[in-house]
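Those sequence lines, one after another, are chains A and B.
Position one of the first sequence corresponds to residue 1 (the working numbering), numbered consecutively onward.
Position one of the second sequence corresponds to residue 1 (the working numbering), numbered consecutively onward.
Check before you lean on any hint, since a few could be wrong.
To be verified - Here are the simulated EDC-like pairs of lysine to aspartate or glutamate, each with C-alpha atoms no more than 20 Å apart in a straight line:
{"no.": "1", "chain 1": "B", "residue 1": "Lys168", "chain 2": "A", "residue 2": "Asp340"}
{"no.": "2", "chain 1": "A", "residue 1": "Lys392", "chain 2": "A", "residue 2": "Glu428"}
{"no.": "3", "chain 1": "A", "residue 1": "Lys225", "chain 2": "B", "residue 2": "Asp161"}
The set of hints was computed from the structure by calculation and includes no laboratory data.
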Amino acid sequence: MINIKNLCVDGFKNIHELTINLNKINTFLSSNNYGKSNVLTSINFGFDFISASSNDKKNMMSWKPGLPLNITDFGKNFRFEIVFECFSDETKIVKYGYEFAWAKNSKQPGVIVAEYLKVKQNDSQKFATFIDRTTESAKYQSAPKGRCDKDIIINDSELIINKISAFDDLFYLDVVSSINELNIFVDRHFDARELFDAVPIIQKNNDNLSLYSDNNIARTLYYLKKEHKNKYELIINTLMDFFPYINDVKIKEINLAEKNLKVNIDENSPFELADYIYTLYVNDKYMAKTIPFNYMSDGVKRILSLLTYMTLADIKGVPLIGIEEPENSVHPGLLKKYIDVIDGFMEYSKVIITSHSPYLINYIDLKNLYIGEPTSDGRAIFKSISNKGINKIIDYAEEMGVQTGEYLFSVVSGYDEFDLDLVKKYLEND
Amino acid sequence: MISDNKRILIVVTEGPTDEEFYKRVINYTKAKNKCKKFNFNEIKYMCADGIGNLHRKMLAKFKIEICNNSEYSKYEKIVCFCYDKDVFKKTNTNPPINRDKMKKDFYDCGASKIIEIVADDMIEDFFLIDIQGIIKLLKLGKKYKIPQKESLDLLKQMYKDGNKIYSKGTKAEGLVDALNMDIILSKICCQLSLLCMELGYCCNNKIC
Numbered sequence: 001m002i003n004i005k006n007l008c009v010d011g012f013k014n015i016h017e018l019t020i021n022l023n024k025i026n027t028f029l030s031s032n033n034y035g036k037s038n039v040l041t042s043i044n045f046g047f048d049f050i051s052a053s054s055n056d057k058k059n060m061m062s063w064k065p066g067l068p069l070n071i072t073d074f075g076k077n078f079r080f081e082i083v084f085e086c087f088s089d090e091t092k093i094v095k096y097g098y099e100f101a102w103a104k105n106s107k108q109p110g111v112i113v114a115e116y117l118k119v120k121q122n123d124s125q126k127f128a129t130f131i132d133r134t135t136e137s138a139k140y141q142s143a144p145k146g147r148c149d150k151d152i153i154i155n156d157s158e159l160i161i162n163k164i165s166a167f168d169d170l171f172y173l174d175v176v177s178s179i180n181e182l183n184i185f186v187d188r189h190f191d192a193r194e195l196f197d198a199v200p201i202i203q204k205n206n207d208n209l210s211l212y213s214d215n216n217i218a219r220t221l222y223y224l225k226k227e228h229k230n231k232y233e234l235i236i237n238t239l240m241d242f243f244p245y246i247n248d249v250k251i252k253e254i255n256l257a258e259k260n261l262k263v264n265i266d267e268n269s270p271f272e273l274a275d276y277i278y279t280l281y282v283n284d285k286y287m288a289k290t291i292p293f294n295y296m297s298d299g300v301k302r303i304l305s306l307l308t309y310m311t312l313a314d315i316k317g318v319p320l321i322g323i324e325e326p327e328n329s330v331h332p333g334l335l336k337k338y339i340d341v342i343d344g345f346m347e348y349s350k351v352i353i354t355s356h357s358p359y360l361i362n363y364i365d366l367k368n369l370y371i372g373e374p375t376s377d378g379r380a381i382f383k384s385i386s387n388k389g390i391n392k393i394i395d396y397a398e399e400m401g402v403q404t405g406e407y408l409f410s411v412v413s414g415y416d417e418f419d420l421d422l423v424k425k426y427l428e429n430d
Numbered sequence: 001m002i003s004d005n006k007r008i009l010i011v012v013t014e015g016p017t018d019e020e021f022y023k024r025v026i027n028y029t030k031a032k033n034k035c036k037k038f039n040f041n042e043i044k045y046m047c048a049d050g051i052g053n054l055h056r057k058m059l060a061k062f063k064i065e066i067c068n069n070s071e072y073s074k075y076e077k078i079v080c081f082c083y084d085k086d087v088f089k090k091t092n093t094n095p096p097i098n099r100d101k102m103k104k105d106f107y108d109c110g111a112s113k114i115i116e117i118v119a120d121d122m123i124e125d126f127f128l129i130d131i132q133g134i135i136k137l138l139k140l141g142k143k144y145k146i147p148q149k150e151s152l153d154l155l156k157q158m159y160k161d162g163n164k165i166y167s168k169g170t171k172a173e174g175l176v177d178a179l180n181m182d183i184i185l186s187k188i189c190c191q192l193s194l195l196c197m198e199l200g201y202c203c204n205n206k207i208c
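So here's chain A without its partners, still in its complex pose (with noise of 0.2 Å):
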């Protein structure tokens, strides 16, 4: 188990040096086409590039749309930092991070210019060094007693953190492989629509809780029900909660190999057909019967999707989770609620929301926002409120006597330059 602290991201997309100090939950607020999803792309690519192979990285390496385009930004380098506690016999402090130049074309390829991993107790003051690495050498510790002075052999799309993963005697593994298992999960579902379509066909040797298969909600739930009970009464109480008129939720268990389907699947295919399908039924109190659960409303299909996906994520250790716009389809009277129940179902993971509601930002404390700052370039440059400013709009808004949701809206989509000045006086300056 790993608890995040902090993240930086740099030159991805519009991303222009972000740094987040991660609460519980951190939310993201800005003007339309800003940067708020680049945020949660960067953040997840950040950390698919430590776990991809080789030849991925090359292929991320490349990737153009994550390529800075912005005048003031083109080309420039992606940076990405993680520093987290890690719980293994003690309690350290680590810092991770690397840097890659990206591909100018097929004749200049990607290249990881800069890697560094540093280590300390976590009521040390000086973090160790266990791996430097410039774009002239590449050096690792070996040994408790030595220093960061091995020389190591790694290609331009290999990092160092990767190779020595292999090394079962190296003393500090728990960590490598801490950063090695390092995984995000992004909740894009704006139509949860097709979660709730029985699949019959699932990967090769299913993990039935994954976050990352194509599982619907259905088949998810009955495994939650059948290896976590409690987590499925949470989920299935605080959905009847947000809805009262569903009086229950059933889960119909369909048996595929009495109905003789004849699929034709490749046998090399990562694919197979389902032993089983699931669906979901719901008792709604207005109902003479009990109705599938797809004649629901988007909001609720929403909402259970998304108690599914935070309960999995605590199961699973995701240290992580990303939920764009969690408002979509959603009552804004029910707003208060849902931040109470990120919050209530957050055990292990932390959450970063990106907002347009400016009734969720009503419930958000105003410490974990992050504000996109009006640039006249185009970079996405987002930074956190300081406590002047904390106090400067809630003087505001009681001023306009409106909540402070709704003031932050008006203010960041800069109306006059009054707005932009103050956009820019509240947020917290290096």
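Guided by the hints, dock chain B onto chain A, whose structure is given.
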């Protein structure tokens, strides 16, 4: 201008669970007093549930539904604000409620008298007085070990242990009905005395 005997009580709460709680308090008090007639011809409840700013929302409802309503034009209008002590504290979310401004605005609008029931610190502390009722509601079992937490945090944890989420200010289904009012009112009688007196009951802590 105001009739001698026509009075309306408007109970203003922050959320639906609070509203349910004060409704039950008032009904219970009546029952305990052998259903003696209240000092009011009518009692209305206003809840600031959902979106928006409590002050403005409640003021607008009071103005439009009560003061501008010809039915109540000759009524003496008594407003009872029921809220937590902490709504006056500064937080990092929204502006705190300006109690004096709110009172002034209600008086300017037509309130004849305003009383305040302020839960110290939160209404959840009232609920937790009957912790056994909550344990039963959440089916936590007789051997349930009460977490070492307080107030809202304790209630949230108990809900979580019962595989539910407690969200302050939103409806908590079944919670108020599960509470034993005898136990609760015996502990908060003094805090409710202003309300009881307006209702026409003065038990000097003897009945509850």
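Quick rundown of the hints versus the structure:
{"no.": "1", "hint": "B:Lys168 / A:Asp340", "verdict": "holds (8 Å)"}
{"no.": "2", "hint": "A:Lys392 / A:Glu428", "verdict": "holds (13 Å)"}
{"no.": "3", "hint": "A:Lys225 / B:Asp161", "verdict": "holds (17 Å)"}
No hint from the list above goes unmet by this structure.
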